[in-house]
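Trainee: Each of the two chains sits in its own frame; use the hints to bring them together as a complex.
One-letter residues, chain by chain:
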Amino acid sequence: MNSRNIAILAAVTALAVAPLQCGGAAEAPAPSATPSSAADTLLSAVNLDYDRAPSAVPAFDALGLSPETVTTPSTPRELVAALLNGVDRNGVVQHGIALETAPFRLFWVGTSLADYSRSSFQRCLYHFSISLATSKAVENSDAVQLALGFKDVLWESADHDPYRNPDLNAAFGNLLGGTSFGTGFGEMPSISASAKDAWKKAVDDFYANKWRGGIWTAAIAPTWNSDSGKLGELSGTGFTSWTTFAYGLSKNHSFRIGNNDPMNMQFIAELRYRNGERVTDPNDKTRVATQNSFLAAGRVRFGSDSFNGFAEGAYVRVWNGLNGDEDGWRGALGLEKKIATNVWLVLSAGQQFGGGTVEGNELFVLSSLRFGTADKAQFSK
Amino acid sequence: MAEKPIDISCTIQLPVSDQHVFIQLEEDRPERVGYQIDLRSPGGQVTNVVPKGDRQIPVLHDLGLSAKALRGYTMACVGVVGFAVAGKWHLKLESLVENKLVGTCGPGEIDASQGGASTFRFMCNFT
Numbered sequence: 008m009n010s011r012n013i014a015i016l017a018a019v020t021a022l023a024v025a026p027l028q029c030g031g032a033a034e035a036p037a038p039s040a041t042p043s044s045a046a047d048t049l050l051s052a053v054n055l056d057y058d059r060a061p062s063a064v065p066a067f068d069a070l071g072l073s074p075e076t077v078t079t080p081s082t083p084r085e086l087v088a089a090l091l092n093g094v095d096r097n098g099v100v101q102h103g104i105a106l107e108t109a110p111f112r113l114f115w116v117g118t119s120l121a122d123y124s125r126s127s128f129q130r131c132l133y134h135f136s137i138s139l140a141t142s143k144a145v146e147n148s149d150a151v152q153l154a155l156g157f158k159d160v161l162w163e164s165a166d167h168d169p170y171r172n173p174d175l176n177a178a179f180g181n182l183l184g185g186t187s188f189g190t191g192f193g194e195m196p197s198i199s200a201s202a203k204d205a206w207k208k209a210v211d212d213f214y215a216n217k218w219r220g221g222i223w224t225a226a227i228a229p230t231w232n233s234d235s236g237k238l239g240e241l242s243g244t245g246f247t248s249w250t251t252f253a254y255g256l257s258k259n260h261s262f263r264i265g266n267n268d269p270m271n272m273q274f275i276a277e278l279r280y281r282n283g284e285r286v287t288d289p290n291d292k293t294r295v296a297t298q299n300s301f302l303a304a305g306r307v308r309f310g311s312d313s314f315n316g317f318a319e320g321a322y323v324r325v326w327n328g329l330n331g332d333e334d335g336w337r338g339a340l341g342l343e344k345k346i347a348t349n350v351w352l353v354l355s356a357g358q359q360f361g362g363g364t365v366e367g368n369e370l371f372v373l374s375s376l377r378f379g380t381a382d383k384a385q386f387s388k
Numbered sequence: 065m066a067e068k069p070i071d072i073s074c075t076i077q078l079p080v081s082d083q084h085v086f087i088q089l090e091e092d093r094p095e096r097v098g099y100q101i102d103l104r105s106p107g108g109q110v111t112n113v114v115p116k117g118d119r120q121i122p123v124l125h126d127l128g129l130s131a132k133a134l135r136g137y138t139m140a141c142v143g144v145v146g147f148a149v150a151g152k153w154h155l156k157l158e159s160l161v162e163n164k165l166v167g168t169c170g171p172g173e174i175d176a177s178q179g180g181a182s183t184f185r186f187m188c189n190f191t
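Chains A and B supply the protein sequences, listed in that same order. Letter 367 of the first sequence, counting from 1, is numbered 374 in our numbering, and no numbers are missing. Letter 86 of the second sequence, counting from 1, is numbered 150 in our numbering, and no numbers are missing.
What the hints contain is simulated information worked out from the structure, not anything from laboratory work. It cannot be assumed that every hint is accurate.
DSSO-like, lysine-lysine: derived pairs with alpha carbons at most 30 Å apart [what the hints assert, rightly or not]:
no., chain 1, residue 1, chain 2, residue 2
1, A, Lys203, B, Lys132
2, A, Lys203, B, Lys68
3, A, Lys208, B, Lys156
4, B, Lys116, B, Lys152
5, B, Lys164, B, Lys152
6, A, Lys203, B, Lys164
7, A, Lys237, A, Lys143
8, B, Lys156, B, Lys132
9, B, Lys132, B, Lys164
10, A, Lys292, A, Lys237
11, A, Lys207, B, Lys152
12, B, Lys152, B, Lys68
13, A, Lys208, B, Lys116
14, A, Lys207, B, Lys116
15, A, Lys143, A, Lys345
16, B, Lys132, B, Lys68
17, B, Lys156, B, Lys68
18, A, Lys203, B, Lys116
19, A, Lys207, B, Lys156
20, B, Lys68, A, Lys208
21, B, Lys132, B, Lys116
22, A, Lys345, A, Lys208
23, B, Lys116, B, Lys68
24, B, Lys132, A, Lys207
25, B, Lys116, B, Lys164
26, B, Lys152, A, Lys208
The shape of chain B in the complex, shown without the other chains (with noise of 0.2 Å):
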């Protein structure tokens, strides 16, 4: 069985804030991910803010600007997940911002096989 893949876009609006914006992914079970998150600011240049690797989600990643800085901007989370047990995986996106959640992007369901893999991606558009 292949497993269709998770691609999400949305639109998350940042409160007026001077403080960082920071994301991360939610599971619903175990599983093994890899990902990497790029910026791509609004004049179309693409920065890699978090390299690609396997993580223990969730993990907090700093995206290095703040929610007034980041209006504008687009976020794409890509990776890819490989499943050690058979059955459905929710998986999601959540921005935070002072450590309260703005927004989330998600979830997304794969209904896995045991010893599949597929890839994922979360679009965020920043207003």
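Bound conformation, chain A alone (with noise of 0.2 Å):
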């Protein structure tokens, strides 16, 4: 087994050992499927990120970050704070920062649960944000990179959405009648506890199976380079766009295979294009290329208590690449099947397409058990 074997095994492998998230592409990206030594390939040349979470933040996705502390200001005061803390009286960028805001609810009047629920136009500048990030763009130098984010969700269903979700509109009627008022004048309100017990788990309940329902996001990121760490210094390095959209069958629309549990299924789906991202060939460090690409990538998830399986493709298109112009696509499927407590028998196969130094096309097959403390397939109910 060559070594682009090894590593397409690899990667199928870790897609169908790691359990099915709750929130599925919707909260919990998977672990990117990227062939971690298969470098030579088209296929790795391109992240290859089957299910970029519509909550991703596009500043940050574009750069590679994943910042542990994110400035969110709710106030004009607190972004322009933050703004000016990013850049030194020596107008050089800082290293490091990760900021997201939602401009109309910074600036607005405000947004009342009618106007959101009225207006689908409301909701998408509700839901517009900006973000921002900055990175070292090489260790040991001065040089920086910014990328600044815009991202939309152009469509959410009601089940998805924590606003509009019609099972929170019966709990919060439980809320309400569990609420005593008197007249108003004598003592406060009071809820009780059951009522917000009851209430709470309803919210709970509600982001542990956000994976249901349909969101479509959108999102664009240039990006700059400064060698110097100037802010005045900065030019443009191209940018990464894509659009997202995940849909999870209702609870309503779960069916079984025989006396099997209740199976739940999602399907995402994702275009992405990057523009002008440079790379460098790992095992020749002179090699370098400016390469464009395109991906469209799609994966089906479904999932009970004691089965989970996914189905998935992706096509990828490389122009400039370290190889010139290619292309190349990718499926597998991946099936997990519990047979005792803390013990699953895993299943997976794939094959992939063109591209780099593919010289044939190549079937693999895998099965395995899988012994963990994650004995609950979270793909569920």
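Mentor: In structure tokens form, the structure reads like this:
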């Protein structure tokens, strides 16, 4: 088995073994499927993040950052302070800026639930966000890279939206019923402990099953680089843009296979274009290219308490890469069946076509046992 | 985290008008709210003007009395809010006569946790 086969096996096994997360694409991106040791292949030259979370922050994503602390200004004053702190008195951009804000929430008078529920345009404005991130371009240098991201939720189904979810509407009705108002002129209204707990549980359940329903997001993040680190010497280095659609069947539409547990299902699709990405051949640091790439990827995930599975495919096109222009695609399947407490049988298979040094179409199949503490398949009810 | 309730008292000076007084709640970000509104006359008689119920605010409520007639009354708007999203949330009560804003009570602020719930009360003395 050559190194490329091993890389693909490792990647697909990682996908199969990783417990499918509640929230799935919506909240918890699965481990990247990029082969770690097959850098000479086309598919490794592009970040194959099959299920980019709709909640991903564009500026951070464009620079490949996962900041632990994100500044989220809630007032214009906080925003200005954060921006001023990002540049020193010599005009040098600070490293490690990670900022995200929703401008229409900052500067707008307010968004009431009535307006939000009534108008999809109002929801678009409400969810529109801007992000800013900086990082060192190269270790031990002054060079800094900066990304400015813009993102919006273009569509969201009511059951995916915490403000419009019908189950939460019903739960709030119960909270209201469990609240004693009196006449208002005596004691303050009081909420019974049971009503409060029931509301909390309803909200927790909603977020635990946030993969249900649909959401469609779009984002773009231009990037800049400054060798001196100075703000005035930033020059454009391209941009990354993507759109992600995720849809999970509602609990009323789950299905059964035989007498098994109810099965849930989620569809995820992503289109992504990266312009001006600088890549270096890890085996020959002198080989560099500034490539453009396009990715179209999709995944179906289904699961219950005792059974999980996925099917996925991706098409990649690269222009001006390390090997010039090329394209390729990959498909994979995986099944995971619980056979005893803490023991899962995992079966996965996939195939990759075209690109880079691929000499032929290669099929692989893998079966294994997974032992672990994550006994409960989380992609379930 | 237990959210602190909003409890605000205010005085609203009404214009000399035969037009009815309307009131509405305004929030700065969407959340689910339920409330009721009561009026207490200068003689101490309490009338429920708006029954307890959940509403997508803002909803304009007619207090049923003219600005002239409402002087000396006290109004209590009491309610509950359930937070589906964490973060600061502001609520205020506005009084309108002839479609013009004549007074605002609040805003009050609640620093909410996800799944939290709290109560509010606006007590307005009309003069």
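Trainee: So, for every hint listed, does it hold in this structure?
Mentor: Hint-by-hint comparison with the structure:
| no. | hint | verdict |
| --- | --- | --- |
| 1 | Lys203(A) x Lys132(B) | violated (41 Å) |
| 2 | Lys203(A) x Lys68(B) | holds (14 Å) |
| 3 | Lys208(A) x Lys156(B) | holds (28 Å) |
| 4 | Lys116(B) x Lys152(B) | holds (25 Å) |
| 5 | Lys164(B) x Lys152(B) | holds (28 Å) |
| 6 | Lys203(A) x Lys164(B) | violated (38 Å) |
| 7 | Lys237(A) x Lys143(A) | holds (12 Å) |
| 8 | Lys156(B) x Lys132(B) | holds (23 Å) |
| 9 | Lys132(B) x Lys164(B) | holds (15 Å) |
| 10 | Lys292(A) x Lys237(A) | holds (27 Å) |
| 11 | Lys207(A) x Lys152(B) | holds (17 Å) |
| 12 | Lys152(B) x Lys68(B) | holds (11 Å) |
| 13 | Lys208(A) x Lys116(B) | holds (23 Å) |
| 14 | Lys207(A) x Lys116(B) | holds (21 Å) |
| 15 | Lys143(A) x Lys345(A) | violated (45 Å) |
| 16 | Lys132(B) x Lys68(B) | violated (35 Å) |
| 17 | Lys156(B) x Lys68(B) | holds (16 Å) |
| 18 | Lys203(A) x Lys116(B) | holds (18 Å) |
| 19 | Lys207(A) x Lys156(B) | holds (25 Å) |
| 20 | Lys68(B) x Lys208(A) | holds (20 Å) |
| 21 | Lys132(B) x Lys116(B) | holds (27 Å) |
| 22 | Lys345(A) x Lys208(A) | holds (28 Å) |
| 23 | Lys116(B) x Lys68(B) | holds (21 Å) |
| 24 | Lys132(B) x Lys207(A) | violated (45 Å) |
| 25 | Lys116(B) x Lys164(B) | holds (26 Å) |
| 26 | Lys152(B) x Lys208(A) | holds (21 Å) |
Hints 1, 6, 15, 16 and 24, counting from the list given before, are not met by this structure.
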